[in-house]
Amino acid sequence: MEPNYTPSEDRNKLEQFVRNQLNGLTPGQQPELWQRIAAEQQKLNPWMRLRHSAKTIAIPAAAAILLSIGVWWTVESNPQDPSSATIAQEQSTTIPVIDTTENTVLPSEITQPNPKTKKFDVQTAMNRVPGLEVRFKVSKGITYTNPSSGNTVTIPAASLVRPDGTSATGEATLFVREYRGLADYLSGAVPMHYGDERGGFFFNSGGMFEVRVRQGGEELSMAPGEEYTMSFKPTNDMLEDTRLYYFDEVQGKWVFRPDPEMGQGSEADGLPPVVSEQTAARNNRMRTSQCTPFVPEFNRKDIPSEMVMIAVATGQKLASGKMTLPKWFVKNPTISSERALDILERSDIRIVAHRDRDDQFFPQDMTGLFTELRAFRGCYFSASADERNNAKAAEMLRNGKGWQRINIIQESDARCMIVLTDETGFIQFYADMYPAPGIQNFKPDAIFAEYRRLRTERQENFEARHRSLRCFNMMANMFQTEDEWCMEPEDWMVYFENNPGIMQERYDALVQNGVSSDENIARETWENWRRRLRELNTARLLRKGGSQGAQYILSMNLSLSNFGLYNCDQIFMLGNAPMVVAGFQTTNGKKVAPKTISMVDRESKIMLSFNPADRLPALSGRNIDVVVIDRNGKTYMLRANNYAKLDLKNRSSFVFNMEDVTEIAMTPDGWSKLLEL
Amino acid sequence: MTNDPQLSNLLAGCRRGEVQAQRALFDKHHERLLAVCLRYARDRPEAEDMLQETFLAVFRDLHQYNAQGAFEGWLHRLAVNSSLQFLRRRNPLRFADGLDDVPQQIQQTTPHASEGNPEAVLYLVQQLPTGYRTVFNLHCMEAYSYAEIAAQLGISESSVRSQYARACKQLRLWLEQTFVHHP
Chain L
1 MEPNYTPSED
11 RNKLEQFVRN
21 QLNGLTPGQQ
31 PELWQRIAAE
41 QQKLNPWMRL
51 RHSAKTIAIP
61 AAAAILLSIG
71 VWWTVESNPQ
81 DPSSATIAQE
91 QSTTIPVIDT
101 TENTVLPSEI
111 TQPNPKTKKF
121 DVQTAMNRVP
131 GLEVRFKVSK
141 GITYTNPSSG
151 NTVTIPAASL
161 VRPDGTSATG
171 EATLFVREYR
181 GLADYLSGAV
191 PMHYGDERGG
201 FFFNSGGMFE
211 VRVRQGGEEL
221 SMAPGEEYTM
231 SFKPTNDMLE
241 DTRLYYFDEV
251 QGKWVFRPDP
261 EMGQGSEADG
271 LPPVVSEQTA
281 ARNNRMRTSQ
291 CTPFVPEFNR
301 KDIPSEMVMI
311 AVATGQKLAS
321 GKMTLPKWFV
331 KNPTISSERA
341 LDILERSDIR
351 IVAHRDRDDQ
361 FFPQDMTGLF
371 TELRAFRGCY
381 FSASADERNN
391 AKAAEMLRNG
401 KGWQRINIIQ
411 ESDARCMIVL
421 TDETGFIQFY
431 ADMYPAPGIQ
441 NFKPDAIFAE
451 YRRLRTERQE
461 NFEARHRSLR
471 CFNMMANMFQ
481 TEDEWCMEPE
491 DWMVYFENNP
501 GIMQERYDAL
511 VQNGVSSDEN
521 IARETWENWR
531 RRLRELNTAR
541 LLRKGGSQGA
551 QYILSMNLSL
561 SNFGLYNCDQ
571 IFMLGNAPMV
581 VAGFQTTNGK
591 KVAPKTISMV
601 DRESKIMLSF
611 NPADRLPALS
621 GRNIDVVVID
631 RNGKTYMLRA
641 NNYAKLDLKN
651 RSSFVFNMED
661 VTEIAMTPDG
671 WSKLLEL
Chain E
1001 MTNDPQLSNL
1011 LAGCRRGEVQ
1021 AQRALFDKHH
1031 ERLLAVCLRY
1041 ARDRPEAEDM
1051 LQETFLAVFR
1061 DLHQYNAQGA
1071 FEGWLHRLAV
1081 NSSLQFLRRR
1091 NPLRFADGLD
1101 DVPQQIQQTT
1111 PHASEGNPEA
1121 VLYLVQQLPT
1131 GYRTVFNLHC
1141 MEAYSYAEIA
1151 AQLGISESSV
1161 RSQYARACKQ
1171 LRLWLEQTFV
1181 HHP
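If you're matching them up, the sequences are chains L and E in order. No gaps in the numbering here: position 22 of the first sequence is 22 in this note's numbering, and each next residue is one more. Numbers given in this note's numbering equal positions in the second sequence, counted from 1, plus 1000.
Any given hint could turn out to be false.
As the list claims (entries may be wrong) - Below, simulated DMTMM-like cross-link-like pairs (lysine to aspartate or glutamate); rule was C-alpha separation at most 20 Å, straight line:
id, chain 1, residue 1, chain 2, residue 2
1, L, Lys-605, L, Asp-508
2, L, Lys-634, L, Asp-669
3, L, Lys-673, L, Glu-659
4, L, Lys-13, E, Glu-1119
5, L, Lys-595, L, Glu-249
6, L, Lys-322, L, Asp-508
7, E, Lys-1028, L, Glu-32
8, E, Lys-1169, L, Glu-15
9, L, Lys-331, L, Asp-491
10, L, Lys-327, L, Glu-338
11, L, Lys-140, L, Glu-219
12, L, Lys-327, L, Glu-345
13, L, Lys-322, L, Asp-601
14, L, Lys-13, E, Glu-1176
15, E, Lys-1169, L, Asp-10
16, L, Lys-605, L, Asp-483
17, E, Lys-1169, L, Glu-9
18, L, Lys-605, L, Glu-240
19, L, Lys-13, E, Glu-1142
20, L, Lys-317, L, Asp-518
21, L, Lys-673, L, Asp-601
In short, the hints are calculated from the structure, not lab data.
Using the sequences provided together with the hints, build the complete structure.
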């Protein structure tokens, strides 16, 4: 170790000296620090033990739950059988809880809500989302923080009443359960749809929580005028227009509950705002913090600054309506020019016979795509004698069929080869070109030269147009908002077309700043963007590597008067989709009678839920998992890869073949595996 | 899991919430992690607070350790992240503060300055304003690039560069005052 510092302007020497010194630091043992850490850690260790043992207790716990459901179901089906009812009640009340009479509380065992006070409902019975129970003195109240989420519920002292309205005293049990993702919603069989006077909508959830207080088998309520508070961190702070909803267990449906913290209804009708499916999907993508822009992939000849200039000029033309975005490009924004030309160079070419001479014809383009055919105005072709003897070719020329593509290649003087292509293949034959009667100064070389010029011009125009669109798409991220980075290129171009005002303002400003006309400005714009891309990439890597992921999400402090299930959600409307009457059967052909039906989009993480009688949207080609729970609590699934292959077009009804996944779908973890979350 | 069976057992115990295992892990690693926290803190009590948060984070996130890299490296990163988190929470604006409050002359009570030992250098580093000290540690000790530091602290890359340059300049001045024996 260097004992003395040698003065030097060399920063490396300074760094080396400090590094050597600090790496040799021995701060000494600090065993007394452990006491502080242990005191804090003591509160969390029970939860760690629970988390660790969850796997080993999951199967017997699930078996016990299923058993109790079975017994319970029997009770419900045979209400006159008192012995069965007693067994069911005993099953549901053997839940161990930790007795904590102080305000400091510890999480307890996994449990299920006590069903005794409720009418039987398969959704409640099948709920496999773990909850936590703590005991507390009603006279003191309780502040309980869920160690896994940090959400806190506070029940004021002496604020609870029994079902008969008398003040509750003594000890009570607080039950808290949180639903924080698709696996929980499915595992809890939670309905994910909402309706009001405007129609039906779906939830895109930012998390749900369930709070109940029980005493001696009764559910307690907040006394009139009293409120408890819930400090809740939404699972996704990227959701636009989230509102609070409450599950009305009597009516079995979600009810909008305006809250100053979460937002009221819109001013016009007092109802919660509705977003589009695209917005919901975009918000979900933003939640994953993966919405970094695309890094352009250049071809060898691409010059970035030139592409920036073209991109801005094209963007302005498109935004101002001087140019339109072709549908084929919106659907295939990354297609190469050659491939696009190959696909799009298709027309309807008819072989039109000379009115006086049936051995002569003219290839007429009915759509005008092959503009180069103008060069042959006043000319006719005649297949060579050999070809006329070819019966097949002659028949194909005579039968008036349409051809998609034509190419005419000069051989020598007026002799040429004509190639006609359709969807099944092509024919080619030699032909001679003749002038129509009355045409003077017939010069075949000049005619073919003009044909080649026009053909090249047409193809070059196409390539130039395609290149401008490609530049526009490749460079679009540079000028987008961070929200827009979360859109797929196809979705963004639709967004672009739907928001001409915003886009024109954006691209007009760029043009005015010289980005489309000054190469130096364009180059500087590109360099700045590259730098920003690197920074964004670094930030993303750091976020991925860090353990502090979502802790900046703000808590909502909600004051509530009813216990039950609450939902911090945005609601969205499904885009236009054909609907089908759905039937379900097992792979053995046995009919499945659904109690609940859900659909989960693998890409957008959007979940749709339906009542048994509802028709389902036919979302052909999309990776959708279909989940059905029947009245006996069995869970069936049609996996996304199989759904994507189904042809649901023009179908009014469809029977889905479902796989029994009951055993795997016992827990949220099981659902995570099934959905590959 | 890790190839070291002793470490594997220790980590498994910690994951199960066993206090003895957690204590053993603390005993084994706390001194080295305290050295990390001391560099980011302005004094020892603050470093001890950082260390406490580090160990709570270790026990909380231990299930995320996938044994792909050295456990010590994972601990070190967690200590740095926890320290940064601590500083950010205490005062999010401190990363942008300047040198105005920096004493140009270090007190002669600098610990063992004449011997040029690590505690004396640590003391000087701790005298830097929080922002400078953080940037200096991240670049000089952890070898983060300027861009990475900028992203981590939420400040611009140019600000990182200037803070680092000023931190070096100030440290050089103090080191000369403290360690160089003029005839």
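| said: Output the indices of the hints that this structure fails to meet, ascending. | reply: 1, 13
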